[in-house]
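Trainee: The listed protein sequences derive, respectively, from chains A and B.
In terms of our numbering, the first sequence is residues 495 to 800.
In terms of our numbering, the second sequence is residues 1150 to 1407.
Bear in mind the hints are in silico, worked out from the structure with no lab data behind them.
In this text, all values refer to a predicted model and were calculated from it rather than measured experimentally.
Keep in mind that a hint or two might mislead.
[Stated by the list, open to error] So the derived label-pair ranges between C-beta atoms look like this:
#1 B:Phe1304 / A:Leu567: 53 to 59 Å
#2 B:Leu1375 / A:Ser537: 41 to 47 Å
#3 A:Tyr556 / B:Leu1274: 29 to 35 Å
#4 B:Pro1180 / A:Phe621: 47 to 53 Å
#5 A:Trp710 / B:Arg1328: 45 to 51 Å
#6 A:Gly569 / B:Tyr1169: 53 to 59 Å
#7 A:Ser536 / B:Phe1160: 49 to 55 Å
#8 A:Asn498 / B:Met1254: 45 to 51 Å
Built from N, CA and C at the ideal position, the CB exists for glycine as well.
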Amino acid sequence: MQNNIFSKLLFITFQLLGIFILTSLLLHLIPGDPIQVMLGESSSLADQNKLRSQLGLDQPIYIQLWKSFVQILHGDFGYSIINQTPVIDRLLHAIKNTYTLAITALSIAIFFGISAGISAAMYRDTFVDKIIINVSLVFISAPHFFLGPLLIIFFSIWLGWLPVNGMGSSSSIILPALTLALGLLAIIIKMTRNCMIEFLDSDVVRTAKAKGLDKWTIIIHHVFRLVLIPIVTIIGLQFGSLLSGAVITETLFSWDGLGRLLVESIQTRDYPITQACVLVIAISYIGINLLTEVVYGLVDPRVKLK
Amino acid sequence: MNLLAKLIVIFWIFALFFNYLMDVDPNYIEPALILSPPDISNWFGRDDYGRPIFFRLVEGFHNSIEIIFFVTIFTSVIGITLGTLAGYFGGKFDAFISFIINLFMSFPGILLAIAFAAMLPAGKLNLIIALSVGGWVGYARLARGQTLLIKNYDFISAAESMGSSHSWKIMRHILPALRTPLIVEGTYAIAGLIIAEASLSFLGLGIPAPDASWGAMMRDSVSYLLVSPHYSILVGISIMSLVYCINFIGDYHINIGI
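When you get a sec, could you build the whole thing from the sequences and use the hints?
Mentor: The structure is reproduced here in structure tokens:
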């Protein structure tokens, strides 16, 4: 067990290091000179050299890597090229907004996904089941950049219930959260339904029925606990697609999060921000994978034995 | 349903030749027809420059397929080669390849593509590179897993007892056995690539304007949701139906085992 944790931590360290080196090297892959981007092409050579040594860009690459590594460990992501403000300020603001959005979407997906999945399994092969399954199949294939406009047309333009975009009112989170949630929702429904149907035929259920337990006690205390295990796995796996879906969704709804910051920084060639965003999204992804494994152990007592 | 799915895919393949057959210019600007809704002469209506949406969709599909074709070739060749060799020889080489695969798997692929597409200048070649960087991992993982399974089968031992060399065993016995799962994996990968390519061009990282691409059309159409919802609905349905059908064909092949 301890050996297992150790090798896991070692792997994560390698991952983080790899991602850090990759994102830093990307900065060096940019065609053209970042100094010229910052000062403009007509700047004098003396000014360019001065800024270059100020930023340490004249030193060998491994020293630059080491320096920025130490800086990032201290929470210093450098300064924005465009307006010279510290990257960390905008980053924290964006992280807060993205996590609000992602957690709202996740809650919607988990709550409705599990309830719809259980309903579909309970009324297997009936009209209700068929509707739920077919609707969820459509949502699985719908990309975020289509679901978003569809929801805007329906809820904002036809019904006029919700704002089209921005972060003006508290109801403006609903549409972006729904856009992110629907794809995940469909996957959770499919998973819950299939697992429920599988477990409803198992020995556990037969024994519980023989003991004379009523239907809902069996579902909640026996079947649902078994179903939770694959659901936790799928949520952990899908969180990454939630984060990358956030890039599209936030751009679409002008939501001030990590994804929009990333796209904006790419368009304005503000590379320190781009690097920081990629790094933060990658770290969140790894963190969630780790968390999934921990939750896995909590939900499934068999995992601890191994 | 399978027939319908195949018909839609066949329709799009034929659509590749539409623009040549009908001799239309998808970039031709017609100011009088800006954002006009669909009718008999303009099947899908016109976009914000008065360009025909249908022929731009066809052109976008053409560009998208060109990119996806090369990405699929690169990623499958690299992935299958590395995966099969790692699974077959095992040992340190396998440990190394598995480590690299795990490293890539723990990173959202689209993010890697966004990072590369952002850093390289816009264009088809760079889009192909950006999508290929993380794309080989799926093939490699599958090829490795299947090779590990197959190499212990009796027919491999039989080939070995007859004095086959490593390369003969891999080329003549293992690779043909990998065909079915790899075709299914490839089907899903292509559906994923269509969305990935559209996502990149939606974010402004795709083929530069005025060349049509599905993602860029989607992005442009969002500004006109209020006045002409047909634009984004038609573009969206085209992307979605194609992805849905490709996924459906993949599922169908799993069920019948090809």
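Trainee: Does the Cβ-Cβ separation between Phe1304 of chain B and Leu567 of chain A fall within 53 to 59 Å?
Mentor: holds (54 Å)
Trainee: Could you see if the CB distance from Ser536 of chain A to Phe1160 of chain B stays within 49 to 55 Å?
Mentor: Distance hint for Ser536 of chain A, Phe1160 of chain B holds at roughly 53 Å.
Trainee: Taking the beta carbons of Pro1180 of chain B and Phe621 of chain A, is their distance inside 47 to 53 Å?
Mentor: The hinted range 47 to 53 Å holds for Pro1180 of chain B and Phe621 of chain A, with Cβ atoms some 51 Å apart.
Trainee: Is the distance from the Cβ of Trp710 of chain A to the Cβ of Arg1328 of chain B consistent with 45 to 51 Å?
Mentor: With a Cβ separation near 48 Å, Trp710 of chain A and Arg1328 of chain B satisfy 45 to 51 Å, so the hint holds.
Trainee: Is 45 to 51 Å a correct range for the gap between the Cβ atoms of Asn498 of chain A and Met1254 of chain B?
Mentor: violated (19 Å)
Trainee: Given a hinted range of 41 to 47 Å, is it respected by the beta-carbon distance of Leu1375 of chain B and Ser537 of chain A?
Mentor: holds (44 Å)
Trainee: A range of 29 to 35 Å was offered for this pair. Does it hold for the Cβ distance of Tyr556 of chain A and Leu1274 of chain B?
Mentor: holds (30 Å)
Trainee: Go ahead and decide if the range 53 to 59 Å is satisfied by the Cβ distance of Gly569 of chain A to Tyr1169 of chain B.
Mentor: holds (57 Å)
Taken one by one, the earlier hints fail for this structure only at number 8.
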